[in-house]
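**Student:** Listed below, chain by chain, are the residues.
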Amino acid sequence: MLVMKNINKIFQTADIQTHALRDFCLQVNEGDFVSVTGPSGSGKTTFLNIAGLLETYSNGEFLLDGEDVGKLNDNGRSRMRNQKIGFIFQGFNLIPDLNLYDNVDVPLRYRGFNGKERKRRIEENLERVGLASRMKHLPSQLSGGQQQRVAIARALATDPRFLLADEPTGNLDSEMAQSVMSLLEDINQQGTTIIMVTHDAQLAQRAKRTIQVKDGRVSELAIVTPHLNQAIA
Amino acid sequence: MFSYYLRLAWISILRHWGLSLLMVCAIGLGIGAAMTTVTVNYLMSADPIPEKSQQLYYVQLDSWDVNDPFDDGLNPPDQLTFTDSSNLMRAKKAFRQNVQAQAFGVIEPNDPEMLPLIVNGRANSADFFPMFNVPFIYGSGWSNESDESKEFVVVLSKETNDKLFGGENSVGKAIKLEGNMFRVVGVIDTWQPKPRFYDISTGAFNDSEDIFVPFHLIADEKISRSGNTNCWKPSGDGFKAFLASECIWTQFWVELKTEQDKADYQQFLNAYVQEQKQFGRFQRPLDNRLSNVMQWLESQEVVADDAQMMMAMSFMFLIVCLLNTVGLLLAKFLGKAPEIGLRQALGASKSTLFSQYIIESACIGILGGVLGLILAYLGLKGVEGLYGDYMKGLASLDANMAIFAVLLALISTILAGLYPTWRACNIQPAQQLKNQ
Ligand SMILES: Nc1ncnc2c1ncn2[C@@H]1O[C@H](COP(=O)(O)OP(=O)(O)OP(=O)(O)O)[C@@H](O)[C@H]1O
Ligand SMILES: [Mg+2]
Numbered sequence: 001m002l003v004m005k006n007i008n009k010i011f012q013t014a015d016i017q018t019h020a021l022r023d024f025c026l027q028v029n030e031g032d033f034v035s036v037t038g039p040s041g042s043g044k045t046t047f048l049n050i051a052g053l054l055e056t057y058s059n060g061e062f063l064l065d066g067e068d069v070g071k072l073n074d075n076g077r078s079r080m081r082n083q084k085i086g087f088i089f090q091g092f093n094l095i096p097d098l099n100l101y102d103n104v105d106v107p108l109r110y111r112g113f114n115g116k117e118r119k120r121r122i123e124e125n126l127e128r129v130g131l132a133s134r135m136k137h138l139p140s141q142l143s144g145g146q147q148q149r150v151a152i153a154r155a156l157a158t159d160p161r162f163l164l165a166d167e168p169t170g171n172l173d174s175e176m177a178q179s180v181m182s183l184l185e186d187i188n189q190q191g192t193t194i195i196m197v198t199h200d201a202q203l204a205q206r207a208k209r210t211i212q213v214k215d216g217r218v219s220e221l222a223i224v225t226p227h228l229n230q231a232i233a
Numbered sequence: 001m002f003s004y005y006l007r008l009a010w011i012s013i014l015r016h017w018g019l020s021l022l023m024v025c026a027i028g029l030g031i032g033a034a035m036t037t038v039t040v041n042y043l044m045s046a047d048p049i050p051e052k053s054q055q056l057y058y059v060q061l062d063s064w065d066v067n068d069p070f071d072d073g074l075n076p077p078d079q080l081t082f083t084d085s086s087n088l089m090r091a092k093k094a095f096r097q098n099v100q101a102q103a104f105g106v107i108e109p110n111d112p113e114m115l116p117l118i119v120n121g122r123a124n125s126a127d128f129f130p131m132f133n134v135p136f137i138y139g140s141g142w143s144n145e146s147d148e149s150k151e152f153v154v155v156l157s158k159e160t161n162d163k164l165f166g167g168e169n170s171v172g173k174a175i176k177l178e179g180n181m182f183r184v185v186g187v188i189d190t191w192q193p194k195p196r197f198y199d200i201s202t203g204a205f206n207d208s209e210d211i212f213v214p215f216h217l218i219a220d221e222k223i224s225r226s227g228n229t230n231c232w233k234p235s236g237d238g239f240k241a242f243l244a245s246e247c248i249w250t251q252f253w254v255e256l257k258t259e260q261d262k263a264d265y266q267q268f269l270n271a272y273v274q275e276q277k278q279f280g281r282f283q284r285p286l287d288n289r290l291s292n293v294m295q296w297l298e299s300q301e302v303v304a305d306d307a308q309m310m311m312a313m314s315f316m317f318l319i320v321c322l323l324n325t326v327g328l329l330l331a332k333f334l335g336k337a338p339e340i341g342l343r344q345a346l347g348a349s350k351s352t353l354f355s356q357y358i359i360e361s362a363c364i365g366i367l368g369g370v371l372g373l374i375l376a377y378l379g380l381k382g383v384e385g386l387y388g389d390y391m392k393g394l395a396s397l398d399a400n401m402a403i404f405a406v407l408l409a410l411i412s413t414i415l416a417g418l419y420p421t422w423r424a425c426n427i428q429p430a431q432q433l434k435n436q
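Sequence lines, in order, name chains A and B.
1 is the number of the first residue of the first sequence in the working numbering; add one for each residue after it.
1 is the number of the first residue of the second sequence in the working numbering; add one for each residue after it.
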């Protein structure tokens, strides 16, 4: 469970202060699929970065699985990221020097799994995204959609409890976007909590819950129950 | 994790081979230059006669001007007057003693077809040869009796013997030197002590002489002396007056077997100087010194100036190379900022990243060290070309030198890598993962 209470984030640059998040309050339950929409510059990425422990916050309270994130040091935050959180970004963010196998391997190394376990997880997850046959390829040899699927495989390899996705389909054509979305829905079905930032209203509607961020604050649009969701489908 | 970091380092070095090559070259050049000069210094400060250097002593007496002491009074004069060396020679208080000066002359070959040969010589006492373990191919040095009866004898270097006698055994044969006939008593095998410790006043790394003749020939004006002469008061007119003057131009070595012998000899020198004071000489406070070979080389700063200057400069060059490496590493690591941000998102802590990038620096350091070794080897070949036989025996240094070079490269590259690595670890992941 993720709980944010009155989180504020102020970016201080030379001459101006940007209040990216203002008294941001949100609770995301286990197994939820939350889509986040909102105008550009409203603080969506900032929220996701704080949720993913990539960014600190100015004040407020943030509990991840009951643990007060504000009290963790760099090592603790790294461990938490590694064990609980998976990331998917808009820019595909694979390491260009490493082949697909080694890319998926990265978080598993930091987790400290043994060789056999790593191999099993890498193969299983590349299989899951349909790229098992291209393990030895470099990212540059794949299409954008394929790269995004590798990033998903990598995010899933550690069995994260939370999957944070910042415009995962932003650079993909609609067909590719649909297939990535289906993949995310599958993953959510299997119990992973997903928070996804998107500009695509249609995709946003497919999530179980939709929130809108405006001016650094949350405004809940509608709570779509799974029941209703099914009825629509 | 270590092997994983090694693998990542290797992949990164290969992927960015241009940048890696630049860094390896920078470190290699720096290490190569440093190692070349370190080795030269090491060899220059080597003991030229290790089996005996503790028993051979150079004699210094302070006969200088009371109003204007030699070397501002820090060291007694570096040579002796003819008067003093003759007196010490006559006293024969040491196990062996040798008075010497540099000389030169012209040999008229027996073969009228051959051109006269101008030779560098040394005028010395009979003890010179056994004292300095001079190796002979033919014959030997002359005897003390020959010195006393003022015989015209000569010892030839191998090279001179090759020129004059085609390398044959010439012992007993005669050569004409400065118009006088000399009997050859011995031919020296190749002998080139480095530093040429027995006479550093005329160049510590000069070649050893072409011929060796008895010292008394100089006083008898049968051969011309060369080398350094230093006077603090007028020497008067004529050669006789010069010999009796306070000018210093002779060198005096003694061989003393034990510490007791040395103490005795020191006492003898002090007594001698006290005695001379009665004649109005030696007005400075008593400062008579006996320096063994290494002490003597050190006090005369044989390794000094040139080589040490070169070494200092080569280390500065190494620092410049390392600063370059710092810049290149910084460029490389900061170029990886997105990857570093991503690794942080995937669970790498700062300390994890630090290990990874410092290991990458170390790998480049080791490669640079290997290149440096190769360059140092080539550099020493070059120096060998300049110094000739002096550099032989280098092979025996190889293992130590290799380890030293690679360690030097490793440590300096890790130092050079600290700042870039620190910068790399402090990259803010959120900034890097912004949608491009
Ligand atoms: N590192 C930073 N330094 C200063 N200001 C920042 C920084 N990062 C974000 N901001 C500011 O914070 C505000 C929120 O930015 P954020 O990236 O969260 O917007 P967003 O909702 O993700 O927008 P978009 O939909 O365009 O991606 C913006 O006004 C932005 O200029
Ligand atoms: Mg954004």
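Be aware that a few hints might be false.
Said to hold, decoys possible - Covered stretches of chain A (in silico footprint by chain B; criterion: 3 or more residues with CB under 8 Å from a CB of chain B, positions within the stretch not fixed):
id	region
1	79-88
2	105-112
3	124-137
Just so you know, these hints were derived from the structure itself, not from any lab.
Every residue gets a Cβ at the ideal spot worked out from N, C-alpha and C, and that includes glycine.
**Student:** State for each hint whether it applies.
**Tutor:** Consistency of the hints with the structure:
Figure legend: the region 79-88 of chain A, annotated as covered by chain B; annotation consistent (5 residues with Cβ-Cβ distances under 8 Å, at least 3 required). Given as covered by chain B, the region 105-112 of chain A passes the check, having 5 residues with a CB less than 8 Å from a CB of that chain where 3 are the minimum. Against chain B, the region 124-137 of chain A contributes 0 residues with a C-beta closer than 8 Å to a partner C-beta. That does not satisfy the three-residue criterion, and the hint is violated.
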